[in-house]
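> Residue numbers (our numbering), protein chains in the order written: chain U, 1489 to 1639; chain D, 479 to 817.
Derived by calculation from the structure, the hints in this document are not laboratory data. Be a bit skeptical, because a hint or two may be false.
Partial selection, computed: residues in chain U whose CB lies under 8 Å from chain D [what the hints assert, rightly or not]:
hint, residue
1, 1580
2, 1582
3, 1586
4, 1595
5, 1598
6, 1603
7, 1634
8, 1637
All of these numbers come straight from a predicted model, not from anything done at the bench. We treat Cβ as the ideally placed atom computed from N, Cα and C, and that holds for glycine.
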Amino acid sequence: MTEEVVESKQDGSKKWEPKIIAFLCNWCSYAGADLAGVSRIQYPPNIRIVRVPCSGRINAYFIIKSLTDGWDGVLISGCHPGDCHYISGNLVARRRFAILKELLEFFGIEPGRVNFMWASAAEGERFAVLVRKATEIVKKLGPNTKFEKKW
Amino acid sequence: MGLETENKDIETNLREVAKGLLKDKKVDVIIGYMEGTLPMLSQPIIIDSEEDVDKLIWNNLCYVNLAKYLVPRVPKFVDSEKGNLKVGVVSKGCVGRALIHLASENKIKLDEIKIIGIPCNGVVNRQRIEMEIGEKEILEVSVSGNNVIVKGKDFEKEFPFDEYMNDLCKTCKIRKPPLVSKSPDLCVGECEEYSNIVDDFSDIAEFEALTPEEKWNQITEELSVCTRCYACREACPMCYCNLCFVDQNKPVWFGKTTDLPDVFVYHLIRAMHMAGRCVACGACSLVCPMGIDLNKINRKLEKIVKERFDFTSGLDPDVLPPMVDFKMEDAQEFMLEED
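Pulled out of the complex, with its shape left as it was, chain U reads as follows (with noise of 0.2 Å):
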């Protein structure tokens, strides 16, 4: 993915922005997003929403497939704990990002690229305020260069 670099509507400068690509999950998190949205709660325009049906559903895989395609971050969400529609899917979920996120540190890379929040339908002001940190901490981190192929 080519790095973004996006023109300052105020004074022409241009910067570099983050692509975050955000799980979100359907019950709380999309419809949070949503809140956000017609509540016209400001929030970066760098998240790319993918709905999933649960936090449980979200493998490993996708989050490690988003950083070797070369998203400069990953942001996860779902309900609280103890609020998952299926009951139970957002506490194995925990289990699982806890894991991953240490292993990540592990093998060095920035543990800040990937991150993990709860948010459930009614907190639009939570989502937005999570979402602006997230992209602060991964513009921080700058472009996510560590899986590009040679050729």
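Start from chain U and add chain D according to the hints.
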């Protein structure tokens, strides 16, 4: 006591137990180790009569994890009339752990096997010795005192065993197969009951303290020689999927080249799949033709699982492995939170 007397003791005890088991018809077949066809190697052997008991050996080159042959069962373990045969497995600590862990994943039934426990005294890191010998051919390997003596056509070299032991054996806390309290007659020979294993994981602390950049450089340097022969997967008793994720082509998850990103992903996901399941036998590293050291990664997994879920794999067949279980109060300090 020198290594060779220790090995001899283990071997005689092992043969005695095996003989008894076959005589009393407690097991139909026994799988164990036999002398390899080349020096520095051992190979598995399946015996079904008392006369063959003397073919069983134990030395510090028996690195294969024999649990691999039970999932899926090799044809010799299945009888066309009787169905699944009762198998005695010569088990060092990690083989016993693998069997018990596979039982907790419902891959084997514990009443169809017998664990013949032996007190393992460590396995030689074959790769490291071969690397240091270089291109020359090894003709004979023997153990004397606490040294491994490697002989060739015009050289003879001694390697101190303590140093040239496999890294995972150096930190191993479970040298005899664990005793399962629910089925006490599962284990014959030497077994031990373990509770509360303490490990400080100091061997990987140095690596963990590096910056991401340094870790990346070290890991990629190590992995860059990988040819993706999948020997590590084939040797691992826990890798029993019918279709491995790297062989899947619908969808093609990850590239099949030996470029660094693809190799890296293979090892990362392999590690991910081993979380809470690795029994620290070190077979993956010891079969690697390129001498890649996967032990560090396996140790890290052990550490994560121990610290987060207080779980040690392969001790109790009734405890659910951590990755299929969950608790409401699991730690979630890594989640993003509002300031």
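> Each hint: holds or not?
Structure-based check of each hint:
1. Against a cut-off of 8 Å between C-beta atoms, the interface hint on residue 1580/U holds, since the closest Cβ of chain D lies about 5 Å away.
2. Given hint, residue 1582/U at the interface with chain D, holds; its Cβ is 6 Å from that chain's nearest Cβ, closer than 8 Å.
3. Below 8 Å, beta-carbon pairs count as interface contacts, and residue 1586/U has one with chain D at about 6 Å; its hint therefore holds.
4. Against a cut-off of 8 Å between C-beta atoms, the interface hint on residue 1595/U holds, since the closest Cβ of chain D lies about 5 Å away.
5. Residue-level restraint check for residue 1598/U holds (minimum Cβ-Cβ distance to chain D is 5 Å; threshold 8 Å).
6. Using the Cβ-Cβ criterion of 8 Å, the hint placing residue 1603/U at the interface with chain D is satisfied: the shortest such distance is roughly 5 Å.
7. Here the hint on residue 1634/U is kept, as its CB sits about 7 Å from the closest CB of chain D, short of 8 Å.
8. Restraint check, residue 1637/U versus chain D: the minimum CB separation of about 5 Å is within 8 Å; hint holds.
Against the hints set out earlier in the document, no violation occurs for any number.
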